[in-house]
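Those protein sequence lines, which keep their order, are chains A and B. The working numbering applies: residue 1 is where the first sequence begins, and numbers increase by one. The working numbering applies: residue 1 is where the second sequence begins, and numbers increase by one.
Wrong hints could be hidden among the right ones.
[Said to hold, decoys possible] As a list, the in silico EDC-like pairs of lysine to aspartate or glutamate whose alpha-carbon atoms are at most 16 Å apart:
#1 K104(B) with D175(A)
#2 K136(A) with E76(A)
#3 K170(B) with E155(B)
#4 K19(A) with D69(A)
#5 K170(B) with E153(A)
#6 K73(B) with E162(B)
#7 K170(B) with E152(A)
#8 K61(A) with D121(A)
#9 K104(B) with E168(A)
[Said to hold, decoys possible] Restraint ranges, calculated between C-beta atoms of paired labels, are given here:
#10 G86(A) with L69(B): 31 to 37 Å
#11 L109(B) with F181(A): 24 to 30 Å
#12 S100(B) with G10(A): 45 to 51 Å
#13 A44(A) with N96(B): 22 to 28 Å
#14 A133(A) with T132(B): 29 to 35 Å
#15 S100(B) with A44(A): 23 to 29 Å
#16 V181(B) with R82(A): 39 to 45 Å
#17 F129(A) with T132(B): 34 to 40 Å
#18 G158(B) with E76(A): 23 to 29 Å
#19 Q58(B) with P150(A): 33 to 39 Å
#20 E153(A) with T8(B): 35 to 41 Å
#21 A133(A) with T179(B): 36 to 42 Å
#22 D173(B) with R12(A): 55 to 61 Å
#23 S15(A) with T132(B): 50 to 56 Å
These are computed hints drawn from the structure, not numbers from a lab. We put the CB at the ideal spot given by N, CA and C, even for glycine.
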Amino acid sequence: MALPSASLDGRRLRSERTKQSIMDAYIELLRQRPEIPTAAQIAARAGISTRSIFERFVDLKGLSLATLDYAFTLGEAQAIVRDVDGDRPTRVRSHVETRALTCERWLPVWRVVVANQGRLDELRDRIRFIRQAIVKRMELMYRPELAVLPAEERRDLLIALESLIDFESWGRMRDVHGLSFDEACSVWMRMIDRMLPPTPPARP
Amino acid sequence: MIIEAYLTLLRESPQIPTAATIAERAGYSVRSVFERFPDLHALRVAATDYAFTQGTAQAVARDFSGDRLTRLKSHVETRSWICEQWLPLWRALNANQGDSSELKSRINLIRQAILKRIELMYEAELATLGATERLQTLIAIESLIDFESWARMREFSGMSIEEAREVWVKSIDRLLPPTPVS
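The following block holds chain A by itself, in its conformation from the complex (with noise of 0.2 Å):
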């Protein structure tokens, strides 16, 4: 017979993981139609009741920041930084082969949260959080480049650089314009070439 504690555990994982097929049920609900789903639909999707989703969940709102928080654990997740200290060449690739991964991922689940962020204060906030996080990536990547630019110079860059590398720029590329994924990569490639000063030499 399992002890108290364990079974307490054991309900606990259970409803940890009903809690997270929720929030995947919910996210692939917005890669098929870009609209805030109803409860009824997620719970349909999840195989759960409603009344399940609401026992773990305090309301939708609840539900939609907690899911976007944790897809941004997962993209964050799957967008591991590689080959930082490489040459130019190596990090422009590494950097957009990421970021492109991320935008085939998760456009869908961006589009709602910005067509939405009108009607919350706090999806405006977590877009601002991972626009933060999107400029420190290629601040992180293209550290060499940056550091020879003044302050406000290197500013205005990353604003240029965020601009080009947006969910919706890779949008436009794939639905718009038909590029594929290595198209859209290559596109990219050479527009932060273009964009970034040269590389200063290595310090021996």
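Given the coordinates of chain A, assemble chain B onto it according to the supplied hints.
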């Protein structure tokens, strides 16, 4: 009046206006709104067409035969003015497009107009590129001068209109190839 009320409400708040708020702002009854537009979707489509006509009239191409810097400044000034004026509607348009083929076709039309303007303003530089590189440059400039790019500079980075324009001028200048000698 109804379309103007809808656009004013969008500029005041990022919330999508309801029929009741539009009617109140326009000084009409809700019934009057629906006598003129069968539903809110039809109103959105009409507002988009109205805005596109206004925007096209406001964004007359100037200086396209000027030197590089003159063309850059002219293009950025016009484009930024459009972004400043029409960003709320653009956001509403994207948020409401759903399955609407009418709204999607308007979005496509606006994007094509933006691309055509880039081609017109930087014809001299783009003509020196091969087809692939030309398309890549166009795509990059289009992303750079997107409505949301403007919004990020103004709302997130807190830049003035002049500062934000400066970012665009410098960045387009970097993306373009050298201007050929005439």
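Quick rundown of the hints versus the structure:
Distance hint between K104(B) and D175(A) is fulfilled; the C-alpha atoms sit about 12 Å from each other, no more than 16 Å. A hinted pair counts as satisfied when its Cα atoms are at most 16 Å apart, and K136(A) with E76(A) qualifies at roughly 12 Å. With a CA separation close to 20 Å, the supplied pair K170(B) and E155(B) exceeds the 16 Å bound. Under the criterion of a C-alpha separation no larger than 16 Å, the hint pairing K19(A) with D69(A) is consistent with the structure, at around 13 Å.
In summary, the hint linking K170(B) to E153(A) is supported, as the alpha carbons are separated by about 10 Å, within the 16 Å threshold. For the given pair, K73(B) sits about 11 Å from E162(B) by alpha-carbon distance, which is consistent with the 16 Å threshold. Only pairs whose Cα atoms come within 16 Å are accepted, and K170(B) paired with E152(A) is accepted, the gap being roughly 12 Å. Pair hint K61(A) plus D121(A) holds up; C-alpha atoms about 11 Å apart against a cutoff of 16 Å.
As the CA atoms of K104(B) and E168(A) are separated by approximately 15 Å, the hinted pair is consistent with the 16 Å bound. Separated by about 36 Å at the C-beta atoms, G86(A) and L69(B) satisfy the suggested range of 31 to 37 Å. Between L109(B) and F181(A) the beta carbons are some 27 Å apart, a value that agrees with the proposed interval 24 to 30 Å. Between S100(B) and G10(A) the beta carbon distance is about 48 Å. The supplied range of 45 to 51 Å therefore holds.
Range check, A44(A) to N96(B): Cβ separation about 25 Å, and the 22 to 28 Å hint holds. The hinted range of 29 to 35 Å is satisfied by A133(A) and T132(B), whose Cβ atoms lie roughly 31 Å apart. Against the hinted window of 23 to 29 Å, the Cβ-Cβ separation of S100(B) and A44(A) comes to about 25 Å, which satisfies the hint. A hinted range of 39 to 45 Å holds for the C-beta pair V181(B) and R82(A), which are about 43 Å apart.
In this structure the hint that F129(A) and T132(B) lie 34 to 40 Å apart at CB holds, the actual value being about 36 Å. Remark: the range hint 23 to 29 Å for G158(B) to E76(A) is upheld by a beta-carbon distance near 26 Å. A hinted range of 33 to 39 Å for the beta carbons of Q58(B) and P150(A) is consistent with their spacing of about 35 Å. Checked against the given bound of 35 to 41 Å, the beta carbons of E153(A) and T8(B), roughly 38 Å apart, stay inside it.
Against the hinted window of 36 to 42 Å, the Cβ-Cβ separation of A133(A) and T179(B) comes to about 37 Å, which satisfies the hint. In this structure, D173(B) and R12(A) meet the distance hint of 55 to 61 Å, their C-beta atoms being roughly 58 Å apart. Judged by the Cβ atoms, the range 50 to 56 Å given for S15(A) and T132(B) holds: they are separated by roughly 53 Å.
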